[in-house]
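Guided by the hints, dock chain S onto chain E, whose structure is given.
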Amino acid sequence: MADKEITVALSGNPNSGKTTIFNNLTGLRQHVGNYPGVTVEKKTGTVDYKGYRINIVDLPGIYSITAYSLEEIVARNYIINEKPDVVIDVVDSSNLERNLYLATQLMELEVPLILAFNMADIVKKSGKKIDIGLLSELFGVFIVEMVGSRGSGSKELLETVIGVVSSKKEKKVELKYGEEVENEIERIISVLKKQKVSIFNFDARWIAVKLLEQDREIIDTIKKASGPEYSKIDETVRSSINHLTSILRDSPEVIMADARYGFIKGALLEAYKETGPVKLDRSEKIDRILTNRILGIPIFALIIWLMFQFVFTLGKYPASWLGLGFEKLSILVTNVVPQGLLRSLLVDGIIGGVGGVITFTPNIILLFFAIAVLEDSGYMARAAFVMDRVMHKIGLHGKSFIPLVIGFGCTVPAYMGSRILENKKDRLVTMHINTFMSCGARLPVYILFAGAFFPAVAGNVIFSIYFIGIIMAVIMAKILRATRFRGESDPFVMELPAYRIPTLKGILIHTWERAWMYVKKAGTIILAIAILMWILFTFPMIGNNYSKDYAGEIEETNQLYQSGEITSTEQDREIAAVEAEMAGERLAYSAAGRIGRILEPVFKPLGFDWKLVVATISGVAAKEVIVSTLSTIYSIQGTGEEADSLKAALNEHYPPLVGYNFMLFTLLYFPCMAGMVMFRKEAGTKEMLFQIGYTLLLAWTVSFLVFQIGRIFI
Amino acid sequence: MRRFGLGSGGREERRRHFVKEDFYSMAEAVPGKKYRIIKIDGGCRLNSRLCAMGFMPGEVFNVSGASMGGPLCIMVKGAKFAIGRGMAEKIQIREA
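Note that the protein sequences, when read in sequence, are chains E and S. If you use the numbering used here, the first sequence corresponds to residues 1 to 714, in order. If you use the numbering used here, the second sequence corresponds to residues 1 to 96, in order.
Hints are computed from structural coordinates only; laboratory data are not their basis. Among the hints, a few may not be true.
If the Cβ cut is set under 10 angstroms, some of the chain E residues that face chain S in the computed set are [claimed, not checked]:
#1 Ser64
#2 Ser69
#3 Glu110
#4 Glu213
#5 Gln214
#6 Ser251
#7 Pro252
#8 Asp287
#9 Gly296
#10 Leu341
#11 Ala384
#12 Phe492
#13 Val493
#14 Met494
#15 Glu495
#16 Ala498
Since the structure is predicted, the reported quantities are computational estimates derived from the model, not experimental observations. Backbone N, C-alpha and C define an ideal beta-carbon position, used for all residues, glycine too.
Just chain E, same shape as in the assembly (with noise of 0.2 angstroms):
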């Protein structure tokens, strides 16, 4: 039925309440990825329309199309090279002035544009009435009022849309800069066309006015088409800066503006008496005691403890539901699959692996409901600009700081929650130290090593511990800003937009899509790393080369009981004491095993022996494994009293400086494996395997320096 294809291209001023329209047209027929090359999220669906098939494509939300950032540019050249059918404008009508300035700007790109005016209740609520009529010939282009909050006028706009695509009927209005602007843009559109610069999808005039801009992008790409002939392109752009500048007494670009607004002011004038916005008092009201000078910080603060509480103290109950559904999983499997290879791989390697990743997606669902709440209601805003002055210290954004606190919790969602920053730099530095922050699976590392070796003082032991990793954040935040991530960071101004009460679907529309794209994850290069992590702790596979005769043990000890000589508790704990034995030594003799031995001169200088190399690449799969794999190579049985009989042996065989530098290098070193693959869903491979290769040489150099320095005085 859907025969016909149309692309959409939707786009607005941040906050206009552009996905909400997105959300209401396509509903769940969405589909989130990347723009080619870049971080930038690209959203599309889908929705069938008398016949038609319509693609929308969702762009970053942008004030203006010039080269200001990586959205605006995104935008731009997704409609410039692209070329969809339709070019959507989402307008908050009740301040239409500053939200026009973008249509201005879409109108001089020529495509077919419609302006969906939003919020229209808002402005019939404050008495005022827009002549659209009016206002659509003045701007020659199709207008259609809508509420966005409830869904309405979704008909009319792809009505709209359908209008515009099969009538072909192109309103045309071209917006002039007066005469003087206009004669320098004459100029350099003749030389533009004696050099033959032929620029394939860009329309003369347009490069014109952006050269006139200074538009980096556009420069560049003039450079690159025209040669050695730029010389004289770059020659009468500059004398016409310099011309205007001198005439008009500012600089090009400011006039250019200044021509924008005042069609728009005129447009305005005309069609709609009051040009001022409408007012808003509510929010007055609230900002006045969230952004306090005095209450806003312990406000924030308060704010993001009860969000912590949300997502880890509410999370746990349904991640421990999840870990047990796993662990009945695993008892099932082992009931139903015989002993052997498959049974271990499955409950060990898959079940295992996966499972312990799958566990946290309830707190990832609940700090995306969390985020999502506080960036739709307008909070989020106010959040980075109370904790501004403080992050910037140390390099960072305001914003920094949420995904910084959720990284105490879990790090794979506070790399995922870096996305609220919209600098890149400001975005890879925060993901670079977020691994600082202890998270929840390096605690029981710290509570078996602090245990085993600090007994009477564990709590402060700890405590130093996630101490020093924020002190390593601030330290490392200021050398990556000065050296990897340096450079003019974005000037701080940032919309604090009116405060909204979010709807539901939108809010769960977002929390689905990441929670969805973290359980792909785990089912596919997280599974794969599960698989591959075990197979290096299995094989090669010890056989018959066990040090001892351990059947022979165990048979020795079924026969005591039987002769009833021991009771069946204790041949129990006999058997398990045996088996623990042999795990160890298989272990041992695994690839993980002899990988151990042959780190083991790395180690040595910062006090680790091979075992605990073995326990350090078992926590790549997930920090907590550290204590399992220990207690493995201890040959621990799991049989209640582990924990301390585990940290009797630590406390045997390790001074107290080696366990306090262990904890070190579990602090220090980079994260789980979910949280790596996350972290190059986020950031790019090369990010990934940069932080992989700082952390550890990072934590090397700490764990190093601890252990020379302090072998001296201990």
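Below, chain S alone, put in the same frame as chain E:
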């Protein structure tokens, strides 16, 4: 000479006059007063950005809040923005 306004006194007075009446940077703006933007001293990129956000020369704005030493809250063209001190220093303003 002084009578013709050519002496140093006259120049001094003119300069004082100039300082008193004219420009501050946005970073010095205080809540409760209205100001007008005179000029933005950014590069082309920053200028374009600020213009798109409504920070246009000639525009009247007021400060609706400020965190100590941190960004300012500016109400301009019907929307509210947080703007860092560093950036605010690049915007020349005058009381309106």
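Hints versus structure:
1. Ser64: holds (3 angstroms)
2. Ser69: holds (8 angstroms)
3. Glu110: violated (19 angstroms)
4. Glu213: Status holds, d = 6 angstroms.
5. Gln214: holds (4 angstroms)
6. Ser251: Holds, about 6 angstroms.
7. Pro252: Since chain S brings a Cβ to about 8 angstroms from E:Pro252, closer than 10 angstroms, the hint holds.
8. Asp287: Since chain S brings a Cβ to about 7 angstroms from E:Asp287, closer than 10 angstroms, the hint holds.
9. Gly296: Because about 6 angstroms separates E:Gly296 from the closest Cβ in chain S, which is inside the 10 angstroms limit, the hint holds.
10. Leu341: Hint violated; E:Leu341 Cβ to chain S Cβ min 59 angstroms, cut 10 angstroms.
11. Ala384: holds (7 angstroms)
12. Phe492: Result: holds, 3 angstroms to nearest chain S Cβ.
13. Val493: Check passed: Cβ of E:Val493 comes within 5 angstroms of chain S, closer than 10 angstroms.
14. Met494: This hint holds: E:Met494 lies near chain S, its Cβ roughly 5 angstroms from the closest one there, short of 10 angstroms.
15. Glu495: holds (5 angstroms)
16. Ala498: Constraint on E:Ala498 satisfied, holds at 8 angstroms.
The earlier numbered hints that this structure contradicts are 3 and 10.
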